[in-house]
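If you read the protein sequences in the order shown, they are chains Y and D.
Under my numbering, the first residue of the first sequence is numbered 47, with each subsequent residue one higher.
Under my numbering, the first residue of the second sequence is numbered 1467, with each subsequent residue one higher.
Please keep in mind that the hints were generated in silico from the structure rather than gathered at the bench.
Watch out, some of these pointers could steer you wrong.
Short derived list, chain D residues pointing at chain Y, Cβ under 10 Å [as the list claims (entries may be wrong)]:
| no. | residue |
| --- | --- |
| 1 | Leu-1766 |
| 2 | His-1768 |
| 3 | Val-1772 |
| 4 | Asn-1951 |
| 5 | Val-2041 |
| 6 | Lys-2081 |
| 7 | Ala-2125 |
| 8 | Ser-2138 |
| 9 | Ser-2143 |
| 10 | Ile-2250 |
| 11 | Ser-2261 |
| 12 | Lys-2280 |
| 13 | Gly-2351 |
The beta carbon of each residue, even a glycine, is placed where N, CA and C say it ideally should be.
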Amino acid sequence: MNLSKLIKLYPVLLITIVVGSGCTKLDQNLNSTLTKDQATNALGANGTQLLLQTAYNDVGNPYSDPGNILALEEVTGDETVVPTRAGDWDDNGKWRALKQQTFGPDGVDLIINQFNSLNKLNFDATNVLAFAPSKGQAAEARFLRALSLYQLLDLFGQYPVRNPGDNLLNAPNVYRGDSAVNFIINELTAIIPDLPATNGMDKANADAANMLLMRCYLNRGAFNNRAAPTFDDADMQKVITLGNAIISSKKYSYSANYFDNFSPNNSSSKEGIFAAPNTSGVATNNTGIHNMWWATVHYNSYKPLAPQSGWNGFSTVADFYNSFDIKGTPTQTPADTALDQRIGGRYYKGVTDVSGLRTGLLIGQQYYADGSKVKDRKGNLLIFGTNFSPDLKETGTNLEDVGIRVLKYMPDFSGNGKNYGGGTSGNWCMIFRYPDVVLMVAEAKMRAAAADNAGALTLVNGLRAARGAAPMTAMALVNPNNVADPNTLLAERGRELYWETVRRTDLIRFGVFMKPWALKPASDETHLVFPIPSTALAANPNLIQNKGYQ
Amino acid sequence: MRKKLLLSGLFMLFCLLTMAQQRTVTGTVISKDGAPLADASVIVVGQKTGVRTGADGTFSINVPSDAKQLQISYVGSETQKVDISSASNVTVTLQASSQSLTDVVIIGYGSVRKKDLTGAVTSIKAKDFNQGSIASPDQLLQGKVSGLEITNNSGQPGAATTIKIRGNNSIRAGNNPLYVIDGVPLDGRTAKPGLNFGSGSGLDFGTTPESNPLLYINPNDIAQVDVLKDASSTAIYGSRGANGIIVITTKRGTSGGTKIEFGTKFASNAGYMHKYKVLSTDQFRTALHTYSLDTLTNSLDHGGDVDALKAITQSSLSQEYSLALSGGNETGKFRVSFLGSQNFGFIKKTSLDKYLGNFAGEYNFLDKRLTINFDVIAGHTTENMGLVSNTAGAGGNLISYALNWNPTAAFTTSNSLYSKAVSSVPNPLAVINGYNDVANVNVFLGNISAALKLTKGLEYKFLYAINHGAGKRNTSIDGWIDGINGVSGIGDAAISDAYLTSETFTNTLTYNTTLTQNLSMDALAGYEYWKTNYGNSSLFASQFNTNLDQQSRIPILYTSLFQNAKTQTPLVTFVDPTTEIQSYFGRVNFNLSSKYYLTGTIRADGSSKFGANNKYGYFPSVGAKWNISNENFLKSVIIINNLGLRASWGITGNQEFPAGASQEQFNSGSYSSFGQSNVANPDLKWEKTTQVNIGLDYSLLKNRIYGSFDYYHKTTTDILFQSTAIQPAPASIFFINLPAHLINSGVEFSIGATIVSNSNLSWDASFNIAHNKNLLKDFAQANIATAQVSGQGVSGTLAQIIGNNEPVNVFYLKQFGGFDQKGQQIIADQPTFQGDPNPHLLYGFATTLRYNKLSLSVNASGASGFYIYNNTFNSVTNISNLQNGKNVDASIIGSPENINASVAVSSRYLEKGDYVKLRNATLTWAFGDLGKYVKNLNVFVGGSNLFVITKFTGFDPEVNVDKNQNGYPSRNIEYIPYPTPRIVTFGFNLSL
């Protein structure tokens, strides 16, 4: 009897299930995002441009925030130091580890952040190629990818590359050594004809691609043997040829005031070749360029926001200040032209008259716009000095004062000071600048099989003249016994390009990265390249941990 | 429901009975307090004859002339037998059941008598709920259920809690159990818009705490809560069962006259439960002298004497009024309830206002063959929140301002304005005054079901439910507040919206039958469709023209003149991918002679979240029980009333990962950009937890001692995990099913006792304790670091690890080795494993002592064997802040630490979290009936969070500030949280 009941139950059960089954196929409706098919159909030709813009957006922040690429390229070098100031700037010891080159395979958080953010650029640029780009769009995307690959190669000694449309669950190929350099060179060579000669410095252009190509040729010897770089004459000739073409195009010229290249109005700079754009007062897509001054100036540096007008961190050392071959004190008047402009310490309209902050390297007593002396948070006079504690843990009464500050980007005080911080500053982030072309040509001339030291000196002195600095009478590439020797091309590159994310690469290429310098003892080969983040290694077995970090 | 089916079955049998000699017995069934009990079941012992009581509690039953006893049972009461051998009219008074084995336990899609239950379920009835200040229903259970850990994430009334049943089952956020309310599964999210004043907004406050998803359930409406712990009871919920299920059953109307219940409660905050020790004014002055800071040009001594931690708090009188009307007859019952409450938070200007209405009804048609049940909840809440964020950076939040405030600095100036920031610490009272953050949320929960008895024992039920919430949050920070970067002189505001809509369709068939004389079976088959949608939008603005200086303030919030802002970020909208789950499930229970029970369940869940290759998952379970006490050899053992051995095995799932994670997605970025945002993983599927449970239920000495013991072992595999993306990739992570094993094993023990029980004096006590061990095994990935430590000087540091052969979230910190000669901290170069944040032991204790009309109930609970990271001490109150004129931790007195020592994250700030907390003590005077109309008048006074015994130096050892890193959850980090107050409550309730 019970069995028959059970049997009767079936039709009802069946009805229930049949009615139910019709309900849904469980296809997920994404609502505010698109599937790939939808993206391809809906965005159409315009969509490729939208994807390309995403890649452009990836460029800005990694280069604009001193806590990103700049930290890896500069704090590890001789021109930048971030001392621990009692309760501030310990940050798990990462700044000391970078400066003293003591980080191990676990590295510091910055390393994986940069690995990921550069690879996001790598990905987004590659993805453009899967969406039927025009020739020009493809060339722009491949330039952006080449930029990320070059930076990855420089930092990590290897980089992964995907083909457009790859299954992202598969591990991509990894390039290292000469094949890595060649891949980038081939990419750039292939796209240069498709890039516009003039495209604005916020977009990929032929000069930017040529300049990146110059960097590849110039650094190939260092990328292939970081401990003891050698330079192939053919590569040097390429650098000279490419550089001369840019120089002779006369599209670029030195700015009358060095700091105009970094001002809130620097979008009109004649030195800019490639940059990430920003608009004053606009937060959308702002690269966070205000961090360039925020990270260095003192808590009290800008009176209306004191004691929170800066983070009082990034600084530089006496050796670098002295490399400007100081023969006097900047007179701190707008008219002062007696010294190398680049050392700064001078009045800058729109900045000094608003805040009292001056250009470049800030040393000694600091003043507000009204002439009153800036004080630290305890009420002592704020006098920037260079008396660092050797272990970089500042405990003395000068812990807020120690370190020469570097105001390379001129703070944006537009909008009654509202754009000083908060991600609305209008300065463009300079990524490639014309003087580097000139300096690379000079370096290649000196490194060529038939070295042309005189030609190099002429180029360098031309630049120095534009900066108001006295000409050098003789210039070596580098002084291996004194990295801070001012009469070298390495020092000149430092003076011109400080805090522009090339210093570590330069020190390696000039063969002195393992030498001791201020606040860093002699070091071994390990830190010539950063460790591959362990999580990235686990995800992609094609990556190989760098020597010394295994 | 099944019980009623059984009863109607009995009616039919009754009609068939043809006995020779019969007589009639009449009677009345009343409750302890004299109220007639309608619908109580009256049967003749030894026979299947039975009737039910009418609305007035009376019954009339024909019994064989030789019948000796009647058995009377009623839901929620002790079943009682009454002698009728020489009586024809009886009055039966039923006692409310304690942990009685006749209790009905609500399980998935049905209910079962506790003694027939094969699974591990803890059922808590309304009378055993926690008392005192209850903002949301989960607080009713704190400390009551073994193996259930409920941690308040914030002291803000209405804030979310972290709930873990039997340990940490997952290495993702979203570990809370599934809530099921009257058969309707909830989404678990709320429509209160979240707010992140992080990098995107240009501010430094970070994320704000979440809100509790159960806020809309009136705690007074809850009849019972069942916590489903093992796989036999949770597998019926399939891919959502792995974290356990909390089943909430609301009260229904009862037959009989219309009853009005009224209750009111007043509460007042009465100081810190555990105050954070910073320097007092005197100590501060002494410290300035000790560290030669009293000779500075700008004196750090401002001459005053204030206590900022006290000044930010309030003791305003919170009030709650609740009213319920209920009534009905045999064919229809209803219950209507209202709750209006205004609950003031401990921090000034914070509060939670609730207005909840609930209308529930049950009506029978077609000779009771058709039952329509409905329940409609309409709720409105207003939350006033303080500036207490989870991840504030160097800028801090209100709590850090109060901790750091220089105790010699007055809050107001001579012209009674708020004083400016002192030593860059914003004036906490100014911040309270100028910060307005109000979330208004409206929620509608409605469900209707129809149950139709098709034939004897066979019932079909249809349920439709909709849960819709819409929230709006206005946040405004006045620009006149001094000392907050990005706020001062500018002003900031945000308007955010969110909505959440879930729908449930359920069809079930149940069938009860006796297969043989001793073997009965009930079976369930069902189909369910569940769908949920969530979306939000937010708009930030800054640079306002008004309220930029204190003197010229206008009483208009920035959110009321938003267009005035110079900078407005574009409206950012986000619509979560729709989640749909389609399920087929079934359960069968066999009962052989009430000695041997077997339960089997299966559920097939298809979810739109899963990858294209894995749309459906299957979740089976079996459970068995041996009621040893029903065996002949134990029947003669008088002291044992019940002894049941349970065992179960099953597989449950977890699908709490972001919808859309399995698909390739392209999203719109800002400024004419579109890009890929997710890596597709078509193989993505649910996470699977296999659980074995062995349990013993016991009841001794006339049921005066009762409880249970359980052992469980859970293995979670196919762990849903945010794996490191294989670069180059559109995002740094993507979801995979990790081939590792997350193991939770433990034991739970509970004991309850009725120590004394007579008309003058009664004393009940219960105790529960649970041990859990958590371990991640076969984790082949590189260790994942999480738990971001926040604040000045420690940014970028993570305190915990998810790694192989360690408990999830184990602390991984550099060892602190004291101070060197310079007073600098000695800290190891490399971090090492430092301890487990997951409690190893959880325990709870409750007792009720009654003498005549006066009763005292006390509830305490605790945890031990775990660590807490004191991020507050580390980065807010560390010694180096003293020289900047900030108040610091009182422990600096006599410390060898150099005042200029660098700040670092290390094991120094890891503290033992062990605690015992007196959650509540309530004294009640039961006046009983007063005059002709007032019934059951109770007046009570009580205190919550009265004290805590702990060595932890922070505000509350029960702390879980959300410090997740890229979605990897953190555990037990204290960072300037909303503090926990002591609360005194008093009130009364009565019925008419």
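Next item on the list: Just pull the numbers of the violated hints for me, sorted ascending.
Entry: 2 and 3
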